[in-house]
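These are the residues of each chain, in order.
There are 2 protein chains.
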Amino acid sequence: MKIDSGMLEDFARGAAFLGTGGGGDPYIGRLCCAHAIEQYGAPQLLALQDLPDEANVFSVAGMGAPTVLVEKLFSLEEAHLAVAKLEQFLGRRADAIIAAESGGINATLPVAYAAMRRLPVIDADGMGRAFPSIQMVSFNVYGVACTPMVIANEHGESVIVETDGALAAEQLGRTLVVQMGGSAMLSCYPMSGAEAKRTAVAATLSAAHGIGRAIAAGRSAGQPVAAVIEYLRSTTYYRHAYRLFDGKIVDVQRETTRGWVLGRCVLEALRGGGERLEIQFQNENLCAHRDGRLIATVPDLIVVVDRETAEPITTEGLRYGQRVCVLGVSAPPALRTPEALAVLGPQAFKLDHPFTPIETLSTTA
Amino acid sequence: MKIDSGMLEDFARGAAFLGTGGGGDPYIGRLCCAHAIEQYGAPQLLALQDLPDEANVFSVAGMGAPTVLVEKLFSLEEAHLAVAKLEQFLGRRADAIIAAESGGINATLPVAYAAMRRLPVIDADGMGRAFPSIQMVSFNVYGVACTPMVIANEHGESVIVETDGALAAEQLGRTLVVQMGGSAMLSCYPMSGAEAKRTAVAATLSAAHGIGRAIAAGRSAGQPVAAVIEYLRSTTYYRHAYRLFDGKIVDVQRETTRGWVLGRCVLEALRGGGERLEIQFQNENLCAHRDGRLIATVPDLIVVVDRETAEPITTEGLRYGQRVCVLGVSAPPALRTPEALAVLGPQAFKLDHPFTPIETLSTTA
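Chains A and B, in that order, are what the protein sequence lines are.
All residue numbers for the first sequence refer to my numbering, where the first residue is 22 and numbers rise by one.
All residue numbers for the second sequence refer to my numbering, where the first residue is 22 and numbers rise by one.
Simulated from the structure, these hints should not be mistaken for laboratory data.
Quick caveat, the model's predicted, so the values are computed rather than measured.
Mixed in with the good hints there might be a few duds.
Just some of the chain A residues that point at chain B, by a computed CB distance under 7 Å [what the hints assert, rightly or not]:
#1 ASP31
#2 GLU175
#3 HIS176
#4 GLU183
#5 THR184
#6 GLY186
#7 LEU188
#8 GLN200
#9 LEU372
C-beta: ideal position from N, C-alpha, C; glycine also.
Please construct the entire structure, taking both the sequences and the accompanying hints into account.
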């Protein structure tokens, strides 16, 4: 299967949905993909199980606060500098490209880059969603080394980082990205096909496409939110999908600091009664409390969409007065294991509640 | 000529003198050298003109605020990690080691490291003194590329930086060093023997040794300050040497920030009359004003020594009540050219006076 131009709108919208508030404007990612496919041809979407064990797999991603990413357009040349430096350093060339996350522009960028390199892009990623930090990825949870990692910027500057552990790579990398202008391209977790098959979350790029397609079909039928929930319930990972809240945004606090967008958003119920929902975010939506009671938490997905169109709204797109619908969706099982929760669960974000699956919270709510 | 254990005390003290207030505690550098020479043997001190054109020359230095460097003992393993990563990245091995600066521990460290590697250390550096920033070096002024540059720390972490220009390398490197614990080891300006001969400041390690020896001899004769001035006047670079001020320290302001020690020190004349000298510093002493009038400025050397022993006092060693002597010494000519002044003259430190040679300031004072 190839990812052709006709699929890009749905794919980018679905990726924005899986971005759970982070990952940057999908419109930018779509433009970048469309341009690359026009210039180089459509890349092959390779199923994870079809990847040869000995293949050299390289990731590529943008890093930085989405508020900066949307202002500073990136180029594939930056992405190529990051990957090419890593290839040069390791003395081996990429056979396939993998996404680190399937949310936002970090889902679309690897597709565009794979087109440019005329390499397949693997139908998988390290999250099945988006996360704000380099270590919060199944590759790390299940034992692939994060470094050597290359960070490159639009000035042709590059940095090769080798650390003991992915958290140290995140800390050094974050500092570098802030110094390099607030956003940069990176390539990390270089791995074999066997390692990718053992650690990646499979079939997530095609899931992004499916989500976008469901929204489009739902729009034609006048029920886009219901349509996307129905689609999610038909998938393996995302089958616990709930419409958590219909409300109007009455407060947004947002700060771009230390390379992230941090903040919270408060919604008031449309049906009256004064019920309130509060969402905390760090690039991505982290947890939702309804009238003080937890109803969804990382690593499960919390997605804010427009009530009428189901268009996903990123944390930097939240505006006072917007009428939105908040969805809660189960995370892939690989993200819900104890070892995964230690790296990307509530405590990793210094939240004071334990992880409870969305399907449990919804039943008891 | 070899640098043997018997020379180390004089060499380290002379290096502290050329450190002009920066460069860390010479005692630490001396211990490090003594240990390396005991373990590996004395390294050869190779005259710059004897270096083959095609030799691979690698520098090694510590980076960070001296206040941190004195607390965090570094090891030769860290230094080796920096150089070895650079050798690996470039695919060539060092034939000789060069100091980036001849002041403080960055003069002694390359000697210790050369001993460990059983390589010659070149009798030269990029300053003939010390400076607080990576770009402030004759290698950069006269066209050697700063990067690829490797920064390594005591946790075995390393970063290879490639930037467009030495100033960008300094900015990224400084950020990294702060993140990596306040001090780290680096290797940068990899160059050929021909480039070293074209750009380095020759005979500065032997000058450091000569300065230390003069102080020691002067102590025996009861006139160490006079003795070091007499020695400096016999050299090519440092022949304009003046006793600028004898005073008591009445005020020290010092802040460790953004990877540097910044501050100023005020002295009151011992001979009475209320005459005051103010020295501004950024790791190193930058300029001296007597009663508001400039009497010495970078790149010329401003050295604070103990009045009785001529022991050099680093900026982090300045204490209220110390009775000191302030010396002003001409910088090597390579640091006084217009292209050098643009990189390491008063304006590079955002000082609002132009460079005027110490010999001119002293005549008109």
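Results for each hint:
Annotation: ASP31 (chain A) was flagged as interfacial toward chain B, and the flag is violated, the nearest CB pair being 39 Å apart, outside 7 Å. About 11 Å separates the beta-carbon of GLU175 (chain A) from the nearest beta-carbon of chain B, more than 7 Å, and the hint is not met. Below 7 Å, beta-carbon pairs count as interface contacts, and HIS176 (chain A) has one with chain B at about 6 Å; its hint therefore holds. Checking GLU183 (chain A) against chain B: minimum C-beta separation of about 5 Å stays under 7 Å; hint holds.
Of the supplied interface hints, the one on THR184 (chain A) holds, with its beta-carbon coming within about 5 Å of a beta-carbon of chain B, less than 7 Å. Residue-level restraint check for GLY186 (chain A) is violated (minimum Cβ-Cβ distance to chain B is 9 Å; threshold 7 Å). Taking 7 Å as the C-beta cut-off, the interface hint given for LEU188 (chain A) is violated, the closest approach to chain B being about 12 Å. Against a cut-off of 7 Å between C-beta atoms, the interface hint on GLN200 (chain A) holds, since the closest Cβ of chain B lies about 4 Å away.
With 7 Å as the threshold, the beta carbon of LEU372 (chain A) stays out of range of chain B, its nearest partner Cβ sitting at about 25 Å, so the hint is violated.
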